[in-house]
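Below, each chain spelled out in residue letters.
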Amino acid sequence: AQSVAQPEDQVNVAEGNPLTVKCTYSVSGNPYLFWYVQYPNRGLQFLLKYITGDNLVKGSYGFEAEFNKSQTSFHLKKPSALVSDSALYFCAVRDSGGYQKVTFGIGTKLQVIP
Amino acid sequence: DSGVTQTPKHLITATGQRVTLRCSPRSGDLSVYWYQQSLDQGLQFLIQYYNGEERAKGNILERFSAQQFPDLHSELNLSSLELGDSALYFCASSQDWGSGTGETQYFGPGTRLLVL
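In order, the protein sequence lines correspond to chains A and B.
Taking the numbering used here, the leading residue of the first sequence gets 57, the next gets one more, and so forth.
Taking the numbering used here, the leading residue of the second sequence gets 5, the next gets one more, and so forth.
Hints are not guaranteed to be accurate.
[Said to hold, decoys possible] When the alpha-carbon atoms are kept at most 25 Å apart in a straight line, the in silico DSS-like pairs for lysine-lysine are as follows:
(1) B:Lys61 - A:Lys157
(2) A:Lys105 - B:Lys61
(3) A:Lys165 - B:Lys13
These are calculated hints, taken from the structure and not from any lab test.
Please construct the entire structure, taking both the sequences and the accompanying hints into account.
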């Protein structure tokens, strides 16, 4: 079975500081990994995904994520946080072997403090 | 704007009633997914359809059912509603059915259901 964990319910960061939102996963094969963002009263928006290749993936709005196979992690990062980045962030995973549905984490609320 | 549309935006109904939520996928997308988001359960996958056929089932109650029509729009039917069914219901669409190289899902704005 596949699973994904987001160990922090909330992350607070000052505007202009770097931010990290953590995600770890478990799959039996190779993972496909995703980050989505949800702004208040909106649907989820795709940020970035890792399929294969370079471990550092760049996505929308200046976000990037680093795939670390040995630590089974896919942390989301941004060098300089904006107040407008405040939202709920979801990590998701699916096993590349055969067909598997995507499993979403419970979400991490990011609060950027002015 | 993701290109996925959902109607209605809000729905208020009473316990025991039945409602239908509608979703139109992005142009060209063949897969439709339904999710339930509540404060205590997070984002729960309910069911997926691909080109009219059920592809995967998640934590969907027997009181709930869905279908995808020939024009690819989908409907989620919720019956014998209970207070605990109050939640945000999202539809998402993607191009393929899940065997590809990691399909991206595009989410609609959601339907907020309140059961009184």
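How the hints compare with the structure:
1. B:Lys61 - A:Lys157: holds, 9 Å
2. A:Lys105 - B:Lys61: holds, 23 Å
3. A:Lys165 - B:Lys13: holds, 24 Å
Of the numbered hints listed earlier, not one is contradicted by the structure.
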